[in-house]
Amino acid sequence: MRELSLNVMDVAQNSVRAKASLVKIEVSESDRNDNLTIAISDNGCGMTDEQVQQVIDPFFTTRTTRKVGLGVPLFKLSAEQTGGSFDIRSKVGEGTVTTASYVKSSVDMTPLGDINDTVKILIQCNPDIDFVFTHSTDTGSFTLDTRELREVLEGVSLDTPDVLEWIAQFLEENTQNIYGGAEK
Amino acid sequence: MKSLAELQAIRDRAKAQIDLRKENPNAARVLVGMATCGIAAGARPVLNAFTEEIAKRGLTQDVTVTQTGCIGICQYEPVVEVEVPGEEKVTYVKVAPEMVARIVNDHLVNHNVVTEYTIGAIK
Chain A
1 MRELSLNVMD VAQNSVRAKA SLVKIEVSES DRNDNLTIAI SDNGCGMTDE QVQQVIDPFF
61 TTRTTRKVGL GVPLFKLSAE QTGGSFDIRS KVGEGTVTTA SYVKSSVDMT PLGDINDTVK
121 ILIQCNPDID FVFTHSTDTG SFTLDTRELR EVLEGVSLDT PDVLEWIAQF LEENTQNIYG
181 GAEK
Chain B
185 MKSLAELQAI RDRAKAQIDL RKENPNAARV LVGMATCGIA AGARPVLNAF TEEIAKRGLT
245 QDVTVTQTGC IGICQYEPVV EVEVPGEEKV TYVKVAPEMV ARIVNDHLVN HNVVTEYTIG
305 AIK
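Sequence order for the protein chains is A and B. Here the first sequence is numbered in my numbering, starting from 1 and rising by one per residue. Here the second sequence is numbered in my numbering, starting from 185 and rising by one per residue.
Any given hint could turn out to be false.
Stated by the list, open to error - To give an idea of the chain B side of the interface with chain A (calculated C-beta under 8 Å), a few residues:
# : residue
1 : Ala198
2 : Lys199
3 : Thr220
4 : Arg241
5 : Gln245
6 : Val297
Don't read these hints as lab results, they were simulated from the structure. Don't be surprised by glycine CBs; every beta carbon is placed ideally from N, CA and C.
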């Protein structure tokens with residue numbers, strides 16, 4: 001994957017398939033601590049300890065259309081190649097938390113990429129699921145919570161084009177803010 | 185700064201138009217393959233290109249753009265399936281954003297399949 005945001009899109013879809021109604025995506029960056037951490041958590045069906053071990057294996061997938069499943073292994077690799085760490089915790093019936101931690105200055109660091117686009121597409125393609133996206137830097141942080149938007153929207157779908165446009169602009173403006181006002 | 189008041193205005197406008205798409209049984213579907221293989225091959229800009237082109241042409245009530253998983257032909261990603269009700273499903277392969285305008289114009293608007301982009305053309 002050329003961007004970490006693509007890994008996020010990929011792994012977040014595991015939450016969708018696990019029938020989650022709420023998916024939280026948290027990106028915390030700190031130049032001071034030379035760290036970037038991505039945490040994806042859901043309230044989906046969860047996995048047994050044995051299944052958690054299996055998803056790290058590229059040759060495991062629950063799908064029947066093909067024999068390999070690379071989503072989680074690629075995400076894990078992206079973190080570990082920087083000297084960072086990777087962790088999955090899951091409980092059947094409660095959900096799953098996937099955390100990847102990166103050493104930002106590593107030569108093997110993959111750029112975060114267009115994470116806002118990933119969030120927008122996830123909302124667009126799964127308008128019935130709630131997403132909470134938090135992005136923080138040394139300068140500040142912001143959160144987009146589709147549950148709050150839903151309250152305002154009173155039944156108007158989140159995938160209405162104008163709403164998606166509002167979401168995209170909201171994300172962009174706030175991202176510029178937490179990057180110190182500079183263009184991203 | 186984007187405010188919730190603006191979102192309320194969007195809501196009121198959206199409510200004013202009846203949401204035809206939800207009840208429209210003739211809505212066509214564009215399915216973009218977005219599993220690991222599709223994403224890595226560049227499906228995200230392709231999905232965005234479809235969304236933009238369809239909005240630009242005012243077809244949002246007639247066409248839904250959504251993602252699907254891996255259908256097992258990873259070597260041909262990005263794969264896009266176009267389903268027009270009453271017509272056979274068409275599978276486009278190795279789709280690039282530049283190809284999207286033509287698929288929307290020829291296939292979704294004028295019902296002419298873009299044969300050279302389909303899986304049949306390269307197999």
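Results for each hint:
no., hint, verdict
1, Ala198, "holds, 5 Å"
2, Lys199, "holds, 6 Å"
3, Thr220, "holds, 5 Å"
4, Arg241, "violated, 12 Å"
5, Gln245, "violated, 10 Å"
6, Val297, "violated, 24 Å"
The structure fails to meet hints 4, 5, 6 from the earlier list, while all remaining hints are met.
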